[in-house]
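Going line by line, the protein sequences match chains A and B.
With this note's numbering as the guide, the letters of the first sequence map in order to residues 1 to 656.
With this note's numbering as the guide, the letters of the second sequence map in order to residues 1 to 656.
Hints listed in this document are in silico derivations from the structure and should not be mistaken for laboratory results.
Check the hints yourself; a few may be wrong.
Note that identical chains are pooled: a pair holds if it fits in a single copy or bridges any two copies.
To be verified - Once the Cα atoms are required to be at most 16 Å apart in a straight line, the calculated EDC-like pairs of lysine to aspartate or glutamate come out as:
| # | residue 1 | residue 2 |
| --- | --- | --- |
| 1 | 18 | 542 |
| 2 | 588 | 262 |
| 3 | 437 | 369 |
| 4 | 313 | 508 |
| 5 | 537 | 24 |
In case you want the letters, here they are:
Number of protein chains: 2
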Amino acid sequence: MNPDIVKERQNATFNVEKLTNILDGSTEKTRRRREIESMVLNDPDFQEQDPNFLSRSERYDQAVRKSAQMILKLREFGISDPDEIYYYKNCVHPDRPEPLDLHLGMFLPTLLNQATPEQMDRFFTPAWNLQIIGTYAQTEMGHGTHLRGLETTATFDPATQEFVLNSPTISSIKWWPGGLGKTSNHAIVLAQLHTQGNCHGLHAFIVPIRDMDTHVPLPGIVVGDIGPKFGFSEVDNGFLKLENVRIPLDNMLMKYAKVEPDGTYVKPPSAKLTYGTMVFIRSMIVGQSALALAKSCTIAIRYSAVRHQSELKPGEPEPQILNFQTQQHKLFPVLATAYAFTFVGQYMKQTYNRISGDIHAGDYSGLPELHALSAGLKAFTTWAANGAIEVCRMSCGGHGYSRSSALPDIYVEFTPTCTYEGENTVMMLQTARYLLKSYSQARGGQQLQGSVSYLSRLQPQPVSAGVPPLNIQDLASLVQVYQLRAANLVELAATSIQQELQLRRSQEDAWNSSAIDLVRASDAHCHYVVVKLFADKLRQVEDPAVTSVLSTLALLYSLHGIASNSGDFLKAGLLSVPQALQVSAHIKELLIQLRPNAVALVDAFDLNDKRLNSVLGRYDGNVYEHLFEWARHSPLNASEVHESFHKYLKPLRSKL
Amino acid sequence: MNPDIVKERQNATFNVEKLTNILDGSTEKTRRRREIESMVLNDPDFQEQDPNFLSRSERYDQAVRKSAQMILKLREFGISDPDEIYYYKNCVHPDRPEPLDLHLGMFLPTLLNQATPEQMDRFFTPAWNLQIIGTYAQTEMGHGTHLRGLETTATFDPATQEFVLNSPTISSIKWWPGGLGKTSNHAIVLAQLHTQGNCHGLHAFIVPIRDMDTHVPLPGIVVGDIGPKFGFSEVDNGFLKLENVRIPLDNMLMKYAKVEPDGTYVKPPSAKLTYGTMVFIRSMIVGQSALALAKSCTIAIRYSAVRHQSELKPGEPEPQILNFQTQQHKLFPVLATAYAFTFVGQYMKQTYNRISGDIHAGDYSGLPELHALSAGLKAFTTWAANGAIEVCRMSCGGHGYSRSSALPDIYVEFTPTCTYEGENTVMMLQTARYLLKSYSQARGGQQLQGSVSYLSRLQPQPVSAGVPPLNIQDLASLVQVYQLRAANLVELAATSIQQELQLRRSQEDAWNSSAIDLVRASDAHCHYVVVKLFADKLRQVEDPAVTSVLSTLALLYSLHGIASNSGDFLKAGLLSVPQALQVSAHIKELLIQLRPNAVALVDAFDLNDKRLNSVLGRYDGNVYEHLFEWARHSPLNASEVHESFHKYLKPLRSKL
């Protein structure tokens, strides 16, 4: 164990295990998480070669091998709780996406939600036994987030009782679905349903794409891998071109919408039923943002504790770089954000479960708010995490750029969350639509509920009229100014739209001409929600030492956000110039307060070394020996002399 | 040609070729650049397989092949002007680093600068003929930017007239030098020189590391590749461990410092002589920031012009996404920054050449300013570009994540500039040291010259006392507020240090406790310099239509910077709240003004399709056909059925 990191742990002012339990949810959950972790990490069947040293085809091959093992073991050990399956999977493929992700996470659940009992027999059981391997083919080359633009068609032919599926244009080729390229033999294809001469919009169809026995693509199916990406090297994201592919009538998922044998279309009872999965996945992504940050700052903070560099005072030994104010100012706000987002993730999960319950009981009233909140927080947390991962990587100097640090992989596996499941700017604008509607209701005298209730408390005069007595050391006071900032920016966006309308622009043009303001309003709303949820969480923590250090993090998170957006607060009259200077000064104080607990705070995330897979982030701090060890396994070192010397460099001598 | 992009080009209000000439420097330079480009891009010897489809060893192999060809051709065509060699190289390896980079860019130049005539004969001539392939081994596993911390030793042994080189610790192993792992047979090793019992600091030694004939590592040399990185896949960044390696006395580079046969050390005449290369490379990096941005926004803007998505008005065709205000707000400030940094890059090159001339004439007076400016601008421009590349990538939706977009590669090849040649935070603090010294001189009544002259004009009272009448549509007025903001932040940093000293902290602790403020001050100073240089450049442009569009870009760059840092301007009393709102409104106006010229402005960068190598950024706008074409070449599509199906998935069925 590196002596620096030992000392760091001795200096902590709180009990790390207690904080870990809070992050897991309970002592029992910590115990069970570790149990699953050790089942996987000590299982020789899951040993792997470092993917960094493999070709893409080898990475894919290794991932398929492990996924197949995983399916067997989950049955063998009787692991069936969704949270436990999810965690088991994340240990098998340490936080890497894998070829069966869409089979497990989209194909099976979609069948569960939308298949008839007959279809369950015909598809779910074989899919459960991996006879059928499926994916979910929605996104096309030309359209992703904007679903109405999807072009694939499924036309009912009553003569044969079949649907005929086609990709009518190049841009309509299905593009991106994970597991589509090589792994799946079936796909749930989203296509525009045509019957009796009318188009009824997107519906889901089960399409066999490869022969069950030989795995060769079926006639009319052009399928393959879409090529290398920034990350996701284990996954065969694929393309699918459909050329007059015929499937039987009863391959349309018909639990809700239906097509009758004569071609009559029967509408689903509610359009809202398709909301659920999307909202669920967006809520989950908030937790993924927290995890990506927890991993990144675990690596960067541990390495900064063992790395000595430069000099503060001439002649003295080189200090730990964690003692530089600039390094603390890079990393501690990220640490605070990791905690903030973890608590927001917990809240989103609880809220999703609560509102799901309501929906099953027929009460849809909570859905619009959940939809707006999950869209905005997905965008807010992924954008923040995306930038912060790179701050962590670059804070590790050159070694952050080595694959051995794991930071490049954390980034490339995480960054698609800004785009998939709803592109972030579009998500922010969806949340803005909800905020503007709520604002207008509040103006009309309605009493609002939930996260937007503050809009009801707006006076007829601008919010800037009443500046509250801000106390920058009091979290409740900070929650209040974040709320007022959000209200102010919602109001500015509404004013912008009004002004555009007065210039005789259409509603749509007025909206587009105010889009920058609308995104800012959503961002401010989400920022307020995060600060508020962090403050709420603190009240639930019982241990005084843990409460104390979490309070410091919450203050840092809040004040850092004010400093980074000080223009907003100053413009709204929520902050005076002297207060702004106090905020900067107090942030420095908080960095000093956090310094002794920095390593303990990342230890509390309890990220196993094998899962972290980072030479720089090792628990024992023994970085340099292992960096050398790792490098020696580089494939380029397999031979002392690379063949290119004999092929090109040596022959060149005679020519020069 | 895609009709949308044809229409875009028809709408431009200026002559693209004229702007290209301004960017190149002259009509003749444009002509010669294109001549070199076509020499390389049409040369069958430089044809390559798409590196995205190769393993790392194959990528390295291909790069060595092309580099060897390049050396031959440069001689064959008699290309010897450094700018032309640099451009030729950038076409051979389209903006990718390659294994001979350090041989050409560091090994040969270091010999030129520091070798004695005898050493020139012994090393330069064979190196010129690629008998000797060399690298520059400075950075170690434990130290990069902080050179005094380097641990490698070179101890003179008078008995044998040799230096004995050692890597005394694991952290002293040379780490990162390009071309060190596999390619080089010699290295210039930077080591602490010990003679007659004294250490005389870092000196450069020529160390043979591989057998000239067999290329096998020599005794005492442990050398290899440091393993895969985020990018730089063509380069064998290497490690080098020295175990009692003996080299003759005259392998120390002795043009300036010397060791005599009895071990007497002779100091170099000036320590400043080592500054030159570092300053040169940092100045060059400013131009690289501009290039990375030019490429990224060429791709993103062209793709945004041909991509139709979503709907602005129900029932109407899907609009080009470049018509969305949010998309313009992402991309046009990046476009403006690309232009700004191009002009800053031109200025840095001219300034470097001017001051180099002075130095050769014995006048060192310009060096401190150039040093401070190149350090700060290197950090400022690389940080800005680093973030902006990712904004461009994510603005392309999912396809930006595909390697076919080229954006992932632009990012991973560019991002090390934030770390190498001086870590950015350290660079900012070096500039801050110069600013603080200048501030203190100004306070002492000295009249300052150059970029910091504005500090002389500070009154004894705080700068905030005199608010100028800001005109947000007048570039000169904006240059002035940027200047005043910089002055204000330099003053705040100075005040912070004073306050810390009054608390009886040491100078060093006061400095570290003010580091956040110091970095901000440097950042503001650099921002001012960029805005000023952009405004200066405008005055040199003669064509009215070009001047007009560049003015719009300069205004957007300046106002976007004010909006993003509005807290600073408000706090310093340089901007009123109503003015801040006007800034936001005027930015929207500028986006509308730029819209018709957006494609023409990226066309003016004149980046050849082959060099850009992006399916999304193609000049003809025919994106989707080529995306499909590209994907079909993915190695995973070499066989219809991947072997993993037979190995793992099919056998699994019988077990479930």
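Violations among the numbered hints: 2
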